[in-house]
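Using the sequences and the accompanying hints, generate a full structural model.
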Amino acid sequence: MAQRAVALGAGALVAALALGPVAAVLWRAGGFGAFAPGDGQALRFTLWQAALSAALSVALAVPVARALARRDFPGRSLLVALLGAPFILPVIVAVLGLIAVFGNSGIVNGALEALGLPGITIYGAHGVIVAHVFFNLPLATRMILQGWLALPGERLRLAAELGLGPREVFRVVEWPMLRRIAPQAAAVIFVICLSSFAVALTLGGGPRATTVELAIYQAMRFDFDLGRAAMLACLQLALALAAGLVALRLSGAAGMGAGLDRVVPRWDAARRSARALDAAAIALAALFLLTPLALVAWNGVPGLADLGWPVWRAAGQSLGVALASTALCLLWALPLATRWGEVMGLLGIAISPLVLGTGLFVIVRPYVNPVALALPVTALVNALMALPFALRILRPEAEAIRTDFARLSAALGLSGRVWVTRILLPRLRRPLGFAAGLTAALSMGDLGVIALFADPERATLPLQVYRLMGSYRMEAAQGAALLLLALSLGLFWGFDRGGRNAGA
Amino acid sequence: MLALEGIVAGSEGFELRADLRLEAPGRVAVIGPSGAGKSTMLDVIAGFRAPASGRVTWQGRDLTALPPGQRPVATLFQDNNLFPHLTLHENLALALRPRGGRLTAEERERIAAALERMGLSDLSGRKPGAVSGGQASRAALARVTLQDRPVMLLDEPFAALGPALKAEMLAELARVAGEMEALALLVTHDPADARAFAERTILVAEGVAAPPRETAAIFADPPEALRAYLGA
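Chains as they are written, first to last, in UniProt numbering: chain A, 1 to 504; chain B, 1 to 232.
Warning: the hint list may mix true and false statements.
DEER-style ranges, computed between Cβ atoms [unchecked claim]:
1) A:Arg402 x B:Glu224: 39 to 49 Å
2) A:Leu331 x B:Ser34: 42 to 52 Å
3) A:Leu331 x B:Val8: 41 to 51 Å
4) A:Ala406 x B:Leu230: 29 to 39 Å
5) A:Pro426 x B:Ala164: 53 to 63 Å
None of these hints come from the bench; they were simulated from the model. Everything numeric in this text was worked out from a predicted model, so none of it was measured. We treat Cβ as the ideally placed atom computed from N, Cα and C, and that holds for glycine.
Here it is in structure tokens:
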């Protein structure tokens, strides 16, 4: 009984936190504000860049996934594992890495200059798209790789026995799989890119590269136009919900889990041209994904020596925020680790952090200075954002524990407290560790709602990196970015490890 | 005495009817084809399933509304009788202290004695996965003795053991039930189990649990449904 009440309470809190702020924004604004001339353009840009990012990510992922599916080489499993890393990679770190490659004084422009060719720029719409592909190509590759590895072996054997050529194998075996998986992957990426804020903030901006999320931030931060922010917030909400529903419809059981360690035996892949194609796909993808990160590490080391007090303070505040939102997220996730709870948690995906932040800002402003609550609000919003992922990880295991041991526990008359502390938590340690690691890393790297509230005293580390970039102190920014990367990965590794080590 | 009075229980398209009395102490086999309602009957007694109508009483007290943990009933399930992440000792401790808290010295002694009686003293620090199937069954049986409840429900608990080990465990079970002066109900597929273990036998067939009869008598002159089940 008590457990049910806790679950209902947690669900109600999620709903209130997700929907309350939107209502607050509307109420304070006294209705919708007028469409500013730039807003229609922001909407068009948001849809266009999300569609293009999704299409490019998926199209490029197909050859990479095929190469990974049919080739075994030293470092393959490491590369496949690394494809999961962008999920916990702070956006600002990746952006710095991309600037180091494609920026004005980056290595690409260096090479072009040496050849006497005109330079390129990373800022603007195409920069936003490059960054989105950087983040989502690995995701698309993992999803499609899973599809490839799930191809029935008999079908490939039959194709080999019939002596089908590569074109026929593609048509008969691979295309049907791709037709199913590729739209799913594209829909997921489209949804992710719809609420792109940090990438647009750092690489985009201006009338030609502003997303709706960025427009909300500008309406709040620069114009303090609540009516317009409310209107944009509702627009974003409608976009995200509609796209989210479509993605949910398309998605089957795809997602995390399932081993990617295996290589599919293929008989049609021995030709020299196929080998060259696969090698090129893997090499280019690895180059595209690893060079920026290597440069962040390489360029960051000199800056580490004198990070300065503001960076260390921001790092400390970020750690506090990350740990608080991890604790909050898990406390939320445990009672919600059921079927309907997972649906509730999905609200967290549909609702954008900026909308939430704006609403909370409006709610607390009559009582306290919102700036004073910048860090707690960030922790809260981060917890809500990570909740769907935590639930995805925890629910199957939690339900298995319930079905296996509910009868024995009832027969023994275990109290709710003993059930949770002695049975549920110990048996959940592994997924709990993984979920905690993801939440902590996501929160550590988040550059979203904090940008709305912050003042010079209160900054998270990602925001501090952004400020250093803004004041053209690139060396310091790169040093701080390396620290941020180390802290994010360290938090993930530490929690995940903690869960694994807890006695088999 | 345990009584099932006018019990009707079931779910979509399946119904079990039971109206019978069982003297305690005693050892009773529950036999019948699968799907006939043996497990449903046990669930009703243990409180895992609420009957659509009828009452379950023990010594005249109505149990029907009580949750499983508050009934005078201890169950050995087919599997999942022990928590795999807790040692044997911790599993037994949980049976004595289901609401948490420290064990008293007296409770420690009871656990040690229960393990001793089952020949498990040396294994008390092991987890269920690190002992043999027979040893895990003994530990589960030790757990039931510690629960010290006058009704024991045994839902084919030794089905996964080999024939020799199963016979040994049934003998052990009969001894324990005798010591505790308990009423023990054993669900089984195997007529040999019923003969070896039970003084009386309940036949559950076609949705009806028949009142108990002497085991020897029921097998000497099996009713039609039992004959069909035995294939005799």
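Each hint, compared with the structure:
no., hint, result
1, A:Arg402 x B:Glu224: 39 to 49 Å, "holds, 42 Å"
2, A:Leu331 x B:Ser34: 42 to 52 Å, "holds, 44 Å"
3, A:Leu331 x B:Val8: 41 to 51 Å, "holds, 43 Å"
4, A:Ala406 x B:Leu230: 29 to 39 Å, "holds, 35 Å"
5, A:Pro426 x B:Ala164: 53 to 63 Å, "violated, 35 Å"
The structure does not agree with numbered hint 5 stated previously, though it agrees with all others.
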